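S.K.: Here are the chains, one letter per residue:
Protein chains: 2
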Amino acid sequence: MQAEKTIIGFIGTGVMGQGMIRNLLKAGFPVNIYTRTKAKADALISEGAEWKDSVAEVSAASDVVITIVGYPKDVEEVYLENGILAHAKEGTVVIDMTTSSPSLAERIYQEAKAKGIAALDAPVSGGDTGAKNGKLSIMVGGEEAAFHQIRPVFEAMGENIVYQGGAGRGQHTKMTNQILIAGGMLGLCEAFAYADRAGLDVEQVLKSVATGAAGSFSLSNLGPRILKGDFAPGFYVKHFIKDMTIALDEAEKMGLLTPGLALAKQRYEELAEMGFENDGTQALYKLYQK
Amino acid sequence: MQAEKTIIGFIGTGVMGQGMIRNLLKAGFPVNIYTRTKAKADALISEGAEWKDSVAEVSAASDVVITIVGYPKDVEEVYLENGILAHAKEGTVVIDMTTSSPSLAERIYQEAKAKGIAALDAPVSGGDTGAKNGKLSIMVGGEEAAFHQIRPVFEAMGENIVYQGGAGRGQHTKMTNQILIAGGMLGLCEAFAYADRAGLDVEQVLKSVATGAAGSFSLSNLGPRILKGDFAPGFYVKHFIKDMTIALDEAEKMGLLTPGLALAKQRYEELAEMGFENDGTQALYKLYQK
Numbered sequence: 008m009q010a011e012k013t014i015i016g017f018i019g020t021g022v023m024g025q026g027m028i029r030n031l032l033k034a035g036f037p038v039n040i041y042t043r044t045k046a047k048a049d050a051l052i053s054e055g056a057e058w059k060d061s062v063a064e065v066s067a068a069s070d071v072v073i074t075i076v077g078y079p080k081d082v083e084e085v086y087l088e089n090g091i092l093a094h095a096k097e098g099t100v101v102i103d104m105t106t107s108s109p110s111l112a113e114r115i116y117q118e119a120k121a122k123g124i125a126a127l128d129a130p131v132s133g134g135d136t137g138a139k140n141g142k143l144s145i146m147v148g149g150e151e152a153a154f155h156q157i158r159p160v161f162e163a164m165g166e167n168i169v170y171q172g173g174a175g176r177g178q179h180t181k182m183t184n185q186i187l188i189a190g191g192m193l194g195l196c197e198a199f200a201y202a203d204r205a206g207l208d209v210e211q212v213l214k215s216v217a218t219g220a221a222g223s224f225s226l227s228n229l230g231p232r233i234l235k236g237d238f239a240p241g242f243y244v245k246h247f248i249k250d251m252t253i254a255l256d257e258a259e260k261m262g263l264l265t266p267g268l269a270l271a272k273q274r275y276e277e278l279a280e281m282g283f284e285n286d287g288t289q290a291l292y293k294l295y296q297k
Numbered sequence: 008m009q010a011e012k013t014i015i016g017f018i019g020t021g022v023m024g025q026g027m028i029r030n031l032l033k034a035g036f037p038v039n040i041y042t043r044t045k046a047k048a049d050a051l052i053s054e055g056a057e058w059k060d061s062v063a064e065v066s067a068a069s070d071v072v073i074t075i076v077g078y079p080k081d082v083e084e085v086y087l088e089n090g091i092l093a094h095a096k097e098g099t100v101v102i103d104m105t106t107s108s109p110s111l112a113e114r115i116y117q118e119a120k121a122k123g124i125a126a127l128d129a130p131v132s133g134g135d136t137g138a139k140n141g142k143l144s145i146m147v148g149g150e151e152a153a154f155h156q157i158r159p160v161f162e163a164m165g166e167n168i169v170y171q172g173g174a175g176r177g178q179h180t181k182m183t184n185q186i187l188i189a190g191g192m193l194g195l196c197e198a199f200a201y202a203d204r205a206g207l208d209v210e211q212v213l214k215s216v217a218t219g220a221a222g223s224f225s226l227s228n229l230g231p232r233i234l235k236g237d238f239a240p241g242f243y244v245k246h247f248i249k250d251m252t253i254a255l256d257e258a259e260k261m262g263l264l265t266p267g268l269a270l271a272k273q274r275y276e277e278l279a280e281m282g283f284e285n286d287g288t289q290a291l292y293k294l295y296q297k
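In order, the protein sequence lines correspond to chains W and G. One point on numbering: in the numbering used here, the residue at position 141 of the first sequence is 148, and numbering is uninterrupted. One point on numbering: in the numbering used here, the residue at position 142 of the second sequence is 149, and numbering is uninterrupted.
No wet-lab data here; the hints were simulated from the structure.
You can't tell identical chains apart in this list, so a pair holds if it fits in one copy or across any two.
27 Å max Cα-Cα, derived BS3-like pairs, lysine-lysine: (1) Lys293 / Lys272; (2) Lys142 / Lys33; (3) Lys260 / Lys214; (4) Lys260 / Lys293; (5) Lys249 / Lys214; (6) Lys33 / Lys47; (7) Lys272 / Lys214; (8) Lys214 / Lys139; (9) Lys59 / Lys45; (10) Lys47 / Lys142.
The structure presented is a predicted model; accordingly, all values stated were derived computationally and were not measured.
Full structure from sequences and hints, please.
M.R.: Given below as structure tokens:
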């Protein structure tokens, strides 16, 4: 697959999409873009992306269509409601990189397949920094042949690119990632609240605990932000709630009880109700402050 | 402080104590030992440790008395019930390295101080491997002068030796460590159960999630054991329940609600009731299996 000959369509130019589009352009791919608020695309257009006036136009004019939008309902709209699947050519590969519902990914896969379109679900982790630096972790579900065919597209955006199996398996892998984080954030915020309330010097405590059995990415990266009172998003509370809602729904469908995940979701909802939905996930600490 | 001139008394020759005593001997300290079951001390005696017939004898014959026993009630008995504090010489430094109650550590500190004895609370992390290799993380509370005075004793047993403040602060730091682990274990076991139930190849999932934002020591070290069905203890379920019980009691005393910790403790108690109290903490996964 040659970059210059594979035209990418990209829908969604939020903070993640912007970094990913820039890396696709840098790798030599022509990129058609569309997003609901055109102003968000202006900088990208001046950098070489080509504006299209609708989802339909992007879909019709591209060989690979990538989406990274907000919520599962946005994914559903952009693919299924007179959207991508209605307008993409046969042989197109469509890739949803939104963190979204595994069940919806399977539905899109089936509807796409009926039209001769290959659909991959490929959510990411690594945040805006990973998107900007082309160092995302990309978890891919769908048909393996399509995965191998468009691998250079993924390689322009990410580093840790792993095929996880059939349709929905990319999303399930991301859900696994989020369930791990949910438990970790409960532990992190309760532990810091405990240490603070016990009168410990929490920076000093980090020296004892960060490198041993209690060590984690969250502890080393979000712990110091909590200590500085820095609750700015990295990853938004409202998006984490969306992800945990999907994970909990899927777990219920599978008959799996996940009380830790349920508790984490409930605590983050309390936090959002207090008005902190646009903070970063480390703001869970606020629930434990006096 | 010269190793040859400082006589150590060591009470408790379980799997942790054995490794620690061997490292003290290796560093040149004479070590008096006592434990309830003498058979457990035989190998150590043949390697140079000196057997004493009671807590009283060890205490009277040593400059520094170290304990690592089972539960807070054992700590209370060995220090306060006609034990170490009744028999140690004025000027002795006593160090409890059991993971035990911060409140009890403060009580021992006060009673010791009244007799001219310096008490440190210095729980560890790093497990039997850390004890054997002299690589424990040691979290120390008590008077700073005593900490500096006996630092070479700690250095014979550990690597990451951090003074955390006044009496009880070593234990509070260890509780912080255990609260971090409690949340992490909930996340780990629920995430693995989710991934398995969703039909993912969990080893493949680890490739996507272990090095990113969901990464942790528990994930990288206990995750692969779960995949192999290896539930042997590293760290016993029953001991983790003890630690969480202490942490939850202390949190309640401070008026701090820690629902994540409370849930983790409740889940581990269910696991113990099922007969798995002598498994390793990764056995929490069993609660989520079909």
